[in-house]
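Q: Here is how the chains run, residue by residue.
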Amino acid sequence: MSTAFYWSIAGTAAGLVLVGLWGVLTRKNILRIALAFTVADTGANLLLVWSGYLPGRTAPIIDGSIPASDITSSVVDPLPQAMVLTSIVIGVAVAALFVVVGVLASRRTGSADVRRMKELRW
Amino acid sequence: MIRTLTGLIIVLALGAVAASVIPEMQMRSELQGVGYSYASRGMDETGSSNLVTAVIVAYRGLDTLGEVVVLFCASTAVVLILTLFPIGVRASEPSRIVAFTAKVLPAPIMLFGVYFIAHSHLSPGGGFPGGTVIASAFLLVMLGSSSVPDRNGRLPAIESLAGLTFGLLGFWGVLTAGQFLNNTFLGTGTPGTIVSGGLIPLISIAIGAKVASEFSGVFKAFRNTRGEA
Numbered sequence: 001m002s003t004a005f006y007w008s009i010a011g012t013a014a015g016l017v018l019v020g021l022w023g024v025l026t027r028k029n030i031l032r033i034a035l036a037f038t039v040a041d042t043g044a045n046l047l048l049v050w051s052g053y054l055p056g057r058t059a060p061i062i063d064g065s066i067p068a069s070d071i072t073s074s075v076v077d078p079l080p081q082a083m084v085l086t087s088i089v090i091g092v093a094v095a096a097l098f099v100v101v102g103v104l105a106s107r108r109t110g111s112a113d114v115r116r117m118k119e120l121r122w
Numbered sequence: 001m002i003r004t005l006t007g008l009i010i011v012l013a014l015g016a017v018a019a020s021v022i023p024e025m026q027m028r029s030e031l032q033g034v035g036y037s038y039a040s041r042g043m044d045e046t047g048s049s050n051l052v053t054a055v056i057v058a059y060r061g062l063d064t065l066g067e068v069v070v071l072f073c074a075s076t077a078v079v080l081i082l083t084l085f086p087i088g089v090r091a092s093e094p095s096r097i098v099a100f101t102a103k104v105l106p107a108p109i110m111l112f113g114v115y116f117i118a119h120s121h122l123s124p125g126g127g128f129p130g131g132t133v134i135a136s137a138f139l140l141v142m143l144g145s146s147s148v149p150d151r152n153g154r155l156p157a158i159e160s161l162a163g164l165t166f167g168l169l170g171f172w173g174v175l176t177a178g179q180f181l182n183n184t185f186l187g188t189g190t191p192g193t194i195v196s197g198g199l200i201p202l203i204s205i206a207i208g209a210k211v212a213s214e215f216s217g218v219f220k221a222f223r224n225t226r227g228e229a
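Quick note, the sequences are listed as chains A and B, same order.
Each residue of the first sequence is one higher than the one before, starting from 1 at the first, in this note's numbering.
Each residue of the second sequence is one higher than the one before, starting from 1 at the first, in this note's numbering.
Treat the hints as calculated values from the structure; they're not laboratory data.
Here a beta-carbon is modelled for each residue, glycine too, at the ideal position from N, C-alpha and C.
Check each hint, because a few of them may be wrong.
Claimed, not checked - Every beta carbon over 10 Å from chain A, so not counted as near; a handful from chain B, in silico: (1) Ile56; (2) Asp63; (3) Ile87.
Unchecked claim - Which bits of chain A does chain B cover? Going by a derived footprint, with three or more residues having C-beta under 8 Å, they are: (4) 30-43; (5) 48-59; (6) 71-77; (7) 83-91; (8) 96-110.
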């Protein structure tokens, strides 16, 4: 993986987080806000996986393609990948809850517009 | 206008922070800390070829138990809300393409999900992705039919049984090795074979069954016009 490609992944990840945040802050339809939230979530996950990358190495699965005597210098860091798996699952759970509460709130006010949901406004 | 402006300011500020912080994260050339320990000892200690699965299920099994609990709470909340306040969307008749696909594809998809779960310690995969794959097959079955899914207690029963299995496997380690979620008391086997990795395949099956039944229950709750779980 070239250096440019390596940094472009970090840029993509940061960009996804920013786009998601932008969507959460400026969109008015609550389902679009939920969608923007998952986009930001994806960016955070990508940044975590990216942080565990080591140049010229392969996935942390020890099979015939990796010399058994030299595991520590042929695989990438397994820890961020394990944490991202946790993060993805929790992200899905939160998104499902988000959508259900959003649908309920939009039925209550008759539209999915967050400006008409005044119960939590201060 | 104010909303857009405020959003722009916050996003630009965070972008400036990211642009100054991320270049500081130098590309490492060697594994360090726990990552090094997992890579150097992981296969010998757990018998799992897939180090990511070894970290998730063996080294950080307690975290995974907590994650399963979080997922359980979220899916319970979704089903509960949809039961109390049904959305009331009428399921429409599926098109012929969807109906045909829903007859053909679920079986191979489920087989793939089972493979994902059973080989979690050998190849990419694991209980969470495998369970999601199986649940997607159930979703396809529901999309291919215009009828409302039956109300029965099978999905919650599988879910509870799988969660209980995870906990009991952990306590089995307390009884035999004096440690909760001990991975090695059954022996770790030869890495790379299907019967290896100690408790990892068993816990993966429990997680897979739990995730599959949980997500199927959520899809079913969304699908159900009367909102009955």
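Q: The structure should be examined with respect to each hint, and the outcome stated for every one.
A: Results for each hint:
1. Distance to chain A contradicts Ile56 (chain B) as a non-interface residue, since its nearest Cβ pair spans about 5 Å, not more than 10 Å.
2. With a minimum CB-CB distance of about 7 Å to chain A, Asp63 (chain B) fails to clear the 10 Å threshold, and the non-interface call is violated.
3. Listed as a non-interface residue, Ile87 (chain B) fails to keep its Cβ farther than 10 Å from every Cβ of chain A; the least gap is roughly 6 Å.
4. Interface restraint, the stretch 30-43 of chain A with chain B: violated (0 residues with C-beta to C-beta distance below 8 Å; minimum three).
5. For the stretch 48-59 of chain A, the stated coverage by chain B holds: 6 residues have a C-beta nearer than 8 Å to a C-beta of that chain, and at least 3 were required.
6. Counting residues of the stretch 71-77 of chain A whose beta carbon lies closer than 8 Å to any beta carbon of chain B gives 5, which reaches the threshold of three, so the coverage claim holds.
7. Under a criterion of three residues with beta carbons nearer than 8 Å to beta carbons of chain B, the stated coverage of the stretch 83-91 of chain A is upheld, 5 such residues being counted.
8. Here's how the stretch 96-110 of chain A fares: 7 of its residues keep a CB closer than 8 Å to some CB of chain B, so the rule of at least three is met and the hint holds.
The structure shown violates the earlier hints numbered 1, 2, 3, 4.
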